[in-house]
Amino acid sequence: MQNKIFQEKIVVDGTFGDKEVHISGCVPYSPKGIQIILLHGVHSTANLRPNNKILFFAELLAQKGYSTWMVETSRMVRDRHNYDDDSSAWIKAAFAGKTFCQEQEDDFRAIHYVLKKSDGKPVWIWGFSLGGAIALSAASEEMFHSRNIEFTPEMIILGGIGITPNPKIVESMGNLPILSTVEKSISKSLLAKVKTKSVISFRGEHDEIFSRASCADLLDKIGIPAEQKIYKEIECVDHSFRMNDEIRTRDIANEMVEFVIRHKNEKEYKNKHKRI
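For the sequence shown, the residue numbers in the numbering used here are 1 to 276.
Accuracy of the hints is not assured; some may be wrong.
To be verified - 25 Å max Cα-Cα, derived BS3-like pairs, lysine-lysine: (1) Lys-168 <-> Lys-195; (2) Lys-193 <-> Lys-121; (3) Lys-64 <-> Lys-19; (4) Lys-32 <-> Lys-193; (5) Lys-197 <-> Lys-168; (6) Lys-92 <-> Lys-4; (7) Lys-221 <-> Lys-117; (8) Lys-188 <-> Lys-121; (9) Lys-232 <-> Lys-184; (10) Lys-264 <-> Lys-4; (11) Lys-116 <-> Lys-19; (12) Lys-270 <-> Lys-32; (13) Lys-270 <-> Lys-197; (14) Lys-32 <-> Lys-64.
To be clear, the hints were calculated from the coordinates, so they are not data collected in a lab.
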């Protein structure tokens with residue numbers, strides 16, 4: 001049975017442009033207690049507008065009883081829908097001059113807000129593409145060294161993130177806002193410092209940005225025991241997890257959410273029987 005949900009929106013201080021980070025909640029009336037924070041990819045959106053990809057993931061999770069919080073980082077404009085397929089114009093209008101550190105700090109502030117609101121409940125962070133890199137940095141020392149907070153997310157879920165992107169992508173996108181400052185901003189020791197109880201890394205089989213080897217290498221370098229890490233490749237799917245053999249479908253999100261919940265249930269079952 002699907003859980004009825006209600007939506008809410010919170011704004012916290014941002015670092016760039018309109019100086020706002022928007023946190024949109026999809027909260028079940030009968031919650032399980034787990035709080036899931038969804039971080040979008042670079043130059044992307046996460047809001048309550050119809051057909052938003054992150055919203056669909058949030059609604060699926062909320063219907064299953066998980067309180068879900070989408071984070072949309074600060075930018076100069078938010079009307080992505082007015083730019084149609086002109087991504088270059090959108091990126092320039094919304095993000096020109098923004099650095100990776102500003103994007104990261106926006107997400108950190110949103111995570112900090114949800115942590116305070118969660119009152120000690122388990123927290124998962126699900127990051128897509130660059131949002132996955134920020135999720136990992138949030139679970140390392142990078143987020144909390146200046147906030148005097150100890151935090152270990154119960155689970156980190158990655159969607160389309162590896163160690164090194166395709167060189168052709170670097171050549172074509174490496175000078176864009178946010179991306180132009182990624183390499184010099186991420187510590188080489190970050191992955192070894194990640195603290196979490198579980199990591200699931202998803203990759204689309206047709207991901208044109210990160211190869212299978214690159215995604216597997218990143219997962220291998222995360223400093224938790226191998227049995228706490230899972231790699232899952234989704235057949236015929238692109239980097240964005242929107243397209244299956246070039247056909248837009250929500251079945252991809254359904255498959256990923258079901259996989260995560262199945263993993264959680266299996267883990268709980270094993271832990272219960274260990275205690276017995």
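Going down the list of hints, with the structure as the test:
no. : hint                : verdict
1   : Lys-168 <-> Lys-195 : violated, 32 Å
2   : Lys-193 <-> Lys-121 : holds, 23 Å
3   : Lys-64 <-> Lys-19   : violated, 33 Å
4   : Lys-32 <-> Lys-193  : violated, 29 Å
5   : Lys-197 <-> Lys-168 : violated, 35 Å
6   : Lys-92 <-> Lys-4    : violated, 39 Å
7   : Lys-221 <-> Lys-117 : violated, 31 Å
8   : Lys-188 <-> Lys-121 : violated, 31 Å
9   : Lys-232 <-> Lys-184 : violated, 29 Å
10  : Lys-264 <-> Lys-4   : holds, 22 Å
11  : Lys-116 <-> Lys-19  : holds, 21 Å
12  : Lys-270 <-> Lys-32  : holds, 19 Å
13  : Lys-270 <-> Lys-197 : holds, 14 Å
14  : Lys-32 <-> Lys-64   : holds, 9 Å
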